[in-house]
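S.K.: Using full-length UniProt numbering, the first residue of the sequence shown is number 1, and each one after it goes up by one.
Hints listed in this document are in silico derivations from the structure and should not be mistaken for laboratory results.
Keep in mind it's a predicted model, so treat the numbers as computed, not measured.
Just so it is clear, CB atoms sit at the ideal spot from N, CA and C, and this is done for glycine as well.
Keep in mind that the hints are not guaranteed to be accurate.
[Stated by the list, open to error] Label-pair restraints from in silico Cβ distances:
1. E564 with E175: 32 to 42 Å
2. E277 with R607: 19 to 29 Å
3. G75 with N310: 22 to 32 Å
[Stated by the list, open to error] Distance condition first, Cα-Cα at most 30 Å in a straight line; then the derived DSBU-like pairs of lysine-lysine:
4. K510 with K487
5. K52 with K232
6. K232 with K82
7. K226 with K6
8. K82 with K52
9. K226 with K62
10. K510 with K610
11. K476 with K514
12. K604 with K469
13. K604 with K514
14. K295 with K604
15. K59 with K82
16. K62 with K232
17. K226 with K59
18. K604 with K281
19. K59 with K281
20. K316 with K281
21. K281 with K82
22. K510 with K226
23. K514 with K316
24. K281 with K308
25. K281 with K295
26. K476 with K487
27. K469 with K487
28. K281 with K226
29. K316 with K476
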Amino acid sequence: MSLLFKVVFASAARSTHHKLALDALRQLRGHDAQAWMDVFLRYNRSYLEGAKAPDTQFKDFKNHVLHVQDNYWGGAVAATQKWYAAAHTSFQNQDWEEAAYSVGVLSHYFSDALMPLHTGQSEDEGPIHRAVEWSVCKSYGELRYILETNRDGYPRWECPTGDDWLAQMVRRAAEISNPHYDTVIDHYNLALGTRDPLQGLDQTLKDCLAKCLGFATVGLARIIEKLIDETKSVPPFVDVTLQGIVAAAKMPFRMLAKHIEDVRERETLRLIYDEFERTGKVVDNLSADDAEVRKLHAEEVLHTSLTKLNAQPIRKPGERHGQSATQRDRSVKSVSTAPISDNREQSARVAPEPTKISSAVERLLKEAETKPTPVPRDMLKPKEEVLSPWKAPTQIADEVKPVAPAVPAKAKPESPAVLKMEPIKVESPKTEPKKAEPKPAVAEPAKKAEAAKPKEKEKEKPAAESKLKFYLDRSKQIQDAPSIGNKTAERMRGAGVSTVGELLASHPEKLAAKLNVAHIIPDVIRQWQAEATLCCRVPGLRGHDAQILVACGIDQPAELAECEVDDLLDLIQPFVESPDGQRVLRGSSPPDEEEVTEWIAAAKQARSLKAA
Numbered sequence: 001m002s003l004l005f006k007v008v009f010a011s012a013a014r015s016t017h018h019k020l021a022l023d024a025l026r027q028l029r030g031h032d033a034q035a036w037m038d039v040f041l042r043y044n045r046s047y048l049e050g051a052k053a054p055d056t057q058f059k060d061f062k063n064h065v066l067h068v069q070d071n072y073w074g075g076a077v078a079a080t081q082k083w084y085a086a087a088h089t090s091f092q093n094q095d096w097e098e099a100a101y102s103v104g105v106l107s108h109y110f111s112d113a114l115m116p117l118h119t120g121q122s123e124d125e126g127p128i129h130r131a132v133e134w135s136v137c138k139s140y141g142e143l144r145y146i147l148e149t150n151r152d153g154y155p156r157w158e159c160p161t162g163d164d165w166l167a168q169m170v171r172r173a174a175e176i177s178n179p180h181y182d183t184v185i186d187h188y189n190l191a192l193g194t195r196d197p198l199q200g201l202d203q204t205l206k207d208c209l210a211k212c213l214g215f216a217t218v219g220l221a222r223i224i225e226k227l228i229d230e231t232k233s234v235p236p237f238v239d240v241t242l243q244g245i246v247a248a249a250k251m252p253f254r255m256l257a258k259h260i261e262d263v264r265e266r267e268t269l270r271l272i273y274d275e276f277e278r279t280g281k282v283v284d285n286l287s288a289d290d291a292e293v294r295k296l297h298a299e300e301v302l303h304t305s306l307t308k309l310n311a312q313p314i315r316k317p318g319e320r321h322g323q324s325a326t327q328r329d330r331s332v333k334s335v336s337t338a339p340i341s342d343n344r345e346q347s348a349r350v351a352p353e354p355t356k357i358s359s360a361v362e363r364l365l366k367e368a369e370t371k372p373t374p375v376p377r378d379m380l381k382p383k384e385e386v387l388s389p390w391k392a393p394t395q396i397a398d399e400v401k402p403v404a405p406a407v408p409a410k411a412k413p414e415s416p417a418v419l420k421m422e423p424i425k426v427e428s429p430k431t432e433p434k435k436a437e438p439k440p441a442v443a444e445p446a447k448k449a450e451a452a453k454p455k456e457k458e459k460e461k462p463a464a465e466s467k468l469k470f471y472l473d474r475s476k477q478i479q480d481a482p483s484i485g486n487k488t489a490e491r492m493r494g495a496g497v498s499t500v501g502e503l504l505a506s507h508p509e510k511l512a513a514k515l516n517v518a519h520i521i522p523d524v525i526r527q528w529q530a531e532a533t534l535c536c537r538v539p540g541l542r543g544h545d546a547q548i549l550v551a552c553g554i555d556q557p558a559e560l561a562e563c564e565v566d567d568l569l570d571l572i573q574p575f576v577e578s579p580d581g582q583r584v585l586r587g588s589s590p591p592d593e594e595e596v597t598e599w600i601a602a603a604k605q606a607r608s609l610k611a612a
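Required output: the full structure, derived from the provided sequences and hints.
M.R.: Given below as structure tokens:
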């Protein structure tokens, strides 16, 4: 798998539609399959923009549904055909960027038909619709793992014959997913899913949704193949090596955008859940697409008023959560490294995966620096100035607090000049620097790492430590939270927030209004809450560890547990090498493979926030 695919998937795939569009490229068949993947990756910005345009630009929400039991009410068929025609024209004109955009758009309309809640309509789905889609997005790696290992693999699906072949495919997609409509409502746990999106789905839901994702991925790949065949197109040459460098340089900013989108979605889901808890259903906080489809369905199909619908009681969602299928162990594989499906024919043009010597970005940067013509990737060396500096809203505390490095041997002398010039808080203030404490052994990978250390280091660890150690809990004073300095702590206390628990319970918009400080906006407060949550839930995780993870878009223990060591190292590297990352580290060495392994192992033993 190319560096460009990995970087784009990890940093730019912010939604299920993005991930499906990218995964479909790995299902292309034929001797030019890799070359066509490179074309779409070369124009990944347009491709992914198209994949979300129906939600963000067109907002033609009736075209996102196809209700099987209402005589196929909805516009998904016509919309998919329209954008297939647009892509067809762009392929003939060899306008590859426009072609990528059009294929991205049609991928949205086609794959929506494979979302069960887009194939029917009832008042029962109101409280859970948006939460289910969020859980699917955040559980995508696990769903794909189920599809590829625990089930029968990707489905075999070919384009039908006839002039209306595409309409047949869209209708068939809706028919495949519609039987799972009631299953989604009965098995989705809204309370769990609102707090942690990965917990909302039980095994029954995971299995049926994995099946739907498989059909969406393969179906889109077959549509792209048909498009190529009908236009008799030949893939143009594109330099994906250069594009990989550019994408890697932009990765920190894309990850920040991804994180901001995450925290906004979480806040939206909290409002939906609060209304459901108060009233027993959701009307006022329905998302724009759900509200529009509900209104049009009431007018055109039910011929009733919204007033009557509002008064209609609903069945409680999630009544069968955890029943039927037995829960299986979750995969810890990264989404971006899952194996390619066995029904894809390997292209002869696929090059062998290069040996990993440092990070993929470093290899490519050396290539760009030393040779004007392409050379083997294993000759590459880093060129630091190519990477853009990271600008993250994490870094807005009032003063610096001394750091307690996770591993004492890594600590470097601290510079007083940095303490004065860089107002970034990393650890809690104390009257004297806190002595570094060793990380607890929290799982097998961590135990093996500890066993490999010199004996003198083992002596620093408490003997027979059997209890997991957490460095933060809800009862701690507010200044003990990551990123909260003394000055901000005083402001927080003035706003009625004295403990970590009170910070976590605060409404970001309301707290920001109380503080009335220009640089402390709601998104900054959400970031502080995410950092504190990680420290409260993950054993052995310190403040600066949480700051690094949250700045790189990982703010849930379950997400951290799903990471692979190499991928996580590549993800955090641009940040820790940036000026902001260096200020967070404050002279300590950046996290290495051993420390990152411990993070992932610890995340698998995370406690609930209620227990913190």
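S.K.: Now tell me, hint by hint, if it's right for this structure.
M.R.: How the hints compare with the structure:
Judged by the Cβ atoms, the range 32 to 42 Å given for E564 and E175 holds: they are separated by roughly 37 Å. For E277 paired with R607, a C-beta distance near 24 Å keeps the hint of 19 to 29 Å intact. Between G75 and N310 the beta carbons are some 25 Å apart, a value that agrees with the proposed interval 22 to 32 Å. Taking the CA atoms of K510 and K487, the gap is near 19 Å; set against the 30 Å cutoff, the hint holds.
Between K52 and K232 the CA atoms are separated by roughly 28 Å; this keeps the pair inside 30 Å, and the hint holds. Pair hint K232 plus K82 holds up; C-alpha atoms about 20 Å apart against a cutoff of 30 Å. At roughly 26 Å between alpha-carbon atoms, K226 and K6 fall within 30 Å of each other, so this suggested pair holds. For the suggested pair K82 and K52, the alpha carbons sit about 16 Å apart, so the restraint of at most 30 Å is met.
At roughly 26 Å between alpha-carbon atoms, K226 and K62 fall within 30 Å of each other, so this suggested pair holds. Annotation: proposed proximity of K510 to K610 holds, straight-line Cα distance about 23 Å (limit 30 Å). Between K476 and K514 the CA atoms are separated by roughly 22 Å; this keeps the pair inside 30 Å, and the hint holds. Of the supplied pair hints, the one linking K604 and K469 holds, its CA atoms being roughly 14 Å apart against a limit of 30 Å.
A C-alpha spacing of about 37 Å is found between K604 and K514, which places the hinted pair above 30 Å, so the restraint is violated. A hinted pair counts as satisfied when its Cα atoms are at most 30 Å apart, and K295 with K604 does not qualify at roughly 43 Å. For the hint pairing K59 with K82, the CA-to-CA distance comes to about 16 Å; that is within 30 Å, so the pair holds. As the CA atoms of K62 and K232 are separated by approximately 33 Å, the hinted pair breaks the 30 Å bound.
Only pairs whose Cα atoms come within 30 Å are accepted, and K226 paired with K59 is accepted, the gap being roughly 27 Å. With a C-alpha separation of about 34 Å, the suggested pairing of K604 with K281 is violated against the 30 Å cut-off. Pair hint K59 plus K281 holds up; C-alpha atoms about 24 Å apart against a cutoff of 30 Å. Straight-line distance between C-alpha atoms of K316 and K281 comes to about 9 Å, which keeps the hinted pair within the 30 Å bound.
Proximity of K281 to K82 is assessed by CA-CA distance (about 36 Å); at most 30 Å being required, the pair is judged violated. A distance of roughly 53 Å separates the Cα atoms of K510 and K226; the hinted pair therefore is violated under the 30 Å criterion. Proposed proximity of K514 and K316 is contradicted: the alpha carbons are some 37 Å apart, above 30 Å. Taking the CA atoms of K281 and K308, the gap is near 14 Å; set against the 30 Å cutoff, the hint holds.
For the proposed pair K281 and K295, the alpha carbon gap of about 16 Å is at most 30 Å, so the pair holds. The straight-line distance between the Cα atoms of K476 and K487 is roughly 17 Å, inside the 30 Å bound, and the hint therefore holds. Using a Cα cut-off of 30 Å, the hinted pair K469 and K487 holds, with the two alpha carbons roughly 28 Å apart. With a C-alpha separation of about 44 Å, the suggested pair K281 and K226 falls outside the 30 Å cut-off, and the hint is violated.
With a CA separation close to 37 Å, the supplied pair K316 and K476 exceeds the 30 Å bound.
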